[in-house]
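Q: Given next are the chains, with one letter for each unit.
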Amino acid sequence: MTSSRCIMHVDMDAFYAAVEQVDNPRLKGMPVIVGASRRGVVTAASYEARPFGVRSAMPVFKARKLCPHGVFLPVRMERYREVSRQVMAILSKYSPLVEVVSVDEATLDLTGTQALHGSPMKVAVQIKGEILARTGCTCSVGIAPNKLLAKIASDWEKPDGMTVIREEEVASFLANLPVSKMPGIGRNTQRLLKELGVAMVGDVLRFPEIFWIDRLGANGVRLYEKAQGTDRSPVIPERKPKSCSSENTFPENLLHLEELDRWILRHAEKISGDLRRRCCRGGTVSVKVKFADFRVMTKSCTLHEPTDCSQVIYDTANTLLRSIGLRQPVRLIGVGVSNLTYGMLQGRLFDRGGLCRLENLDRAMDAIREKFGKRGIVRGRLFSP
Amino acid sequence: MKFTAEQAGLVHVLQKVLGITEKKTSMPVLCNVMIQASEPASSRIDFSATDLELSLWTQIGGTVITPGSTTVSARKLLEILRELPQKKIILEELANHRLYVEVGRSRFELPTIPASDFPYLRVPTETQLEPCESAILRTCLEKTFYGIPMDDDPFSISGLYLHQAGPDDLRFVASDGHRLVFYQVPRSNFGWFQSGTASGGIIVPRKGVAEIIRVLEKETEIVAGIQENCLIIKTPSTTLSVQLLEGEFPEYELIIPVERPFQLELERETFQQALKRVAVLTDQRWRHVRFILSEGSLQLDGGNPDLGNASDVLDVEYDGEPFCVAFNIRYVLDAIQVMESDRIRFEWVDEFHGGVFLGVDEPAYFSLIMPMVI
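These protein sequence lines map, in sequence, to chains Y and C. Be aware that the first sequence starts at 14, since it is given in the numbering used here, and climbs by one per residue. Be aware that the second sequence starts at 916, since it is given in the numbering used here, and climbs by one per residue.
Hints in this document: simulated from the structure, not taken from any laboratory. It is possible that some hints are incorrect.
Said to hold, decoys possible - Straight-line C-alpha distance at most 30 Å; calculated BS3-like pairs for lysine-lysine:
1) Y:255 x Y:384
2) Y:312 x C:939
3) Y:283 x Y:387
4) Y:207 x Y:171
5) Y:78 x Y:106
6) Y:312 x C:1133
To be verified - Residues of chain C placed beyond 12 Å of chain Y at every Cβ, according to the derived structure:
7) 991
8) 1018
9) 1092
10) 1099
11) 1201
12) 1207
13) 1220
14) 1269
No experiment lies behind these values; they were computed from the predicted model shown. Think of the CB as a built atom: it goes at the ideal place given N, C-alpha and C, for glycine as much as any other residue.
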């Protein structure tokens, strides 16, 4: 088998912020920061905002301090997904093997497509052009012999970059790559590397493999492989999600159980809808609560049988919430399901508790929403005119 | 307390008792077996154990030197006795409340808990117990045991339901909410069963059913009865009391399709072997087998993207419409494994209603399995 593969990683540049700038051209050239809720975190910052030190995952209040004249916008996930779908549709024209990593990232396996589409560089230029024409957003592309290097390459010349790492250039490229640019190196490993004076990826290879295994176990093997630029993981289209969750930070801390209860119901509805769309069911329900003092508590419960029914998820989450015991105001609440199962469902003999009816209700609501939009039908408890 | 008894007899009684003792409990005394040596003249040693729901009393002959009683870990005592030579064993409660076990040059001392701390168990009275056909009872329990779920859940009860069916029959029913099995026998075999109980039936917990089967394995002469919400099974040497479960068994009769317009007969052995082959490529997450039925053939398909796919074809006498249905393969294997009939009959309505698996020469047996759906 030939070992030479051709992998392309496409990463949209400051995606959410870029979409906002496209939708509202007045924002072009201005520092745009997405994540406007008073107490949330920055989900994206445009390149104009970055010189001020604004980074994603930074608390919004901090970003406001750093960049007081920035344009702070709320997250419009629906819209970003819509643009993301357009991007993915373009990518899927160039290879059957497209792995959607997240809303703004994807990996393509271009091995063996040269005859059809031409050289990877030519494809990259075409893809960048098509994405810009269709969505108005720019992206950065990395081309390399494997997924790991392609991802590093895409990050190399952001924004609107294109970096190619050829097989024969791998060693010299990595020799001068700071270890912080290597994905998948955790905090502990970074600390160890710093203590050992390992600054560049190439320095890792100055110690024998056994040295890293002694210190990091199985991760040592991975680190040594990564430092050599080895990554055998295949591009897997349609990676199935392993869990599904929904959470939100409140504008004001909440203490009333009834109010939290309604949020739980909202999250349960959203998650169960996601599950049904993906044709899977969750076996474990969990609840996450962040208190005013930032202490986080999670609790979970495994169900007797996997479910995609909003009422079952809501009831379980509600019981969990009550078992947590709320002694102080709540900042954030979230519901999640994991332990997802796909495929066939075992039929039931008895319909205790009217479960079949509740499931039918979900399906009916899905159908109405499909036709009349998200607000086409709302549960009475969640209704606000 | 001091007595001697044969190793083999002691191992035998402790094996009987061990299943009853609790493994994980907040009451350590429930892990123990109570040993009572009565007056020297009777030369009888009694053993009893309970988990508060199941209780068992049994006895062996021996030579009582000093009467008395104590309790000791059933598991440890059995483990020790198993390793000892087949000789007379000396057991004695020492002044420091340890149980001393001696044979030849081997000596053991086990901690005890005083007999006074052992829960008071009212020994069932002999009256009101009626003779019971041990072999038939054992068959009824063994045929239906697989259908009893390990735990209670909102859709099922972890117990075997006994109730009167029609004027002359008694039915043993189990269901885990996904499948149903029952075995029906003439009531005349079970004079002890009082259908006068409130709901018209009784529910025997799963652990109780397992213990009754164990007791019946070696005994043919038994009497049985229901006393104070407990099912009592008594053999010449052993008495077992099983507390019945409260709660209502689902109205299972409503979900059995009365009209089952389609049917198919299969050789049990051939069918079972084909299922076992397909089952190799099923696992916890992908457990279905697809029955793809067309004129003259039944194709069994199983498998999944991770493990691979399996397919097997059986020649069958069928000339109806093509039909496809999927079941949990484990459930189908369970249902046919307990059958004795050489031929089985599969009856169905459609791919959404439960499929019925019957023994052609075994009218007492009925099993129904809900299909798997997408």
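Q: Regarding the pair residue 312 of chain Y and residue 939 of chain C, is the alpha-carbon distance no greater than 30 Å?
A: holds (25 Å)
Q: Grab the minimum beta-carbon distance between residue 1207 of chain C and chain Y and tell me whether it stays above 12 Å.
A: Holds, since 15 Å exceeds 12 Å.
Q: For the pair supplied as a hint, residue 312 of chain Y and residue 1133 of chain C, confirm whether the alpha-carbon distance does not exceed 30 Å.
A: violated (49 Å)
Q: With 12 Å as the threshold, tell me whether residue 1201 of chain C passes as away from chain Y on beta-carbon distances.
A: Since the minimum Cβ distance to chain Y is about 6 Å, residue 1201 of chain C lies within 12 Å and the statement is violated.
Q: Once the closest CB in chain Y is found, is it more than 12 Å from residue 1099 of chain C?
A: With a cut-off of 12 Å, residue 1099 of chain C remains clear of chain Y, as the shortest Cβ separation is near 19 Å.
Q: Regarding the pair residue 255 of chain Y and residue 384 of chain Y, is the alpha-carbon distance no greater than 30 Å?
A: holds (29 Å)
Q: Taking the shortest Cβ-to-Cβ distance between residue 1220 of chain C and chain Y, state whether it exceeds 12 Å.
A: At about 9 Å from chain Y, residue 1220 of chain C fails to clear the 12 Å cut-off, so the statement is violated.
Q: Would residue 1092 of chain C pass as off the interface with chain Y, using Cβ distances and a cut of 12 Å?
A: violated (6 Å)
Q: Checking one constraint from the list: CA of residue 207 of chain Y to CA of residue 171 of chain Y, max 30 Å. Satisfied?
A: With Cα atoms ~26 Å apart, residue 207 of chain Y and residue 171 of chain Y stay inside 30 Å; holds.
Q: A cut-off of 12 Å on Cβ-Cβ distance, and residue 1269 of chain C was said to be off the interface with chain Y. Does that hold?
A: violated (7 Å)
Q: Looking at residue 991 of chain C again, its CB stays over 12 Å from all of chain Y?
A: holds (34 Å)
Q: Next pair to validate is residue 78 of chain Y with residue 106 of chain Y; report whether the Cα-Cα distance is within 30 Å.
A: Violated. Residue 78 of chain Y to residue 106 of chain Y sits at ~44 Å, over the 30 Å cutoff.
Violation of the numbered hints given earlier is confined to hints 5, 6, 9, 11, 13, 14; the remaining hints are satisfied by the structure.
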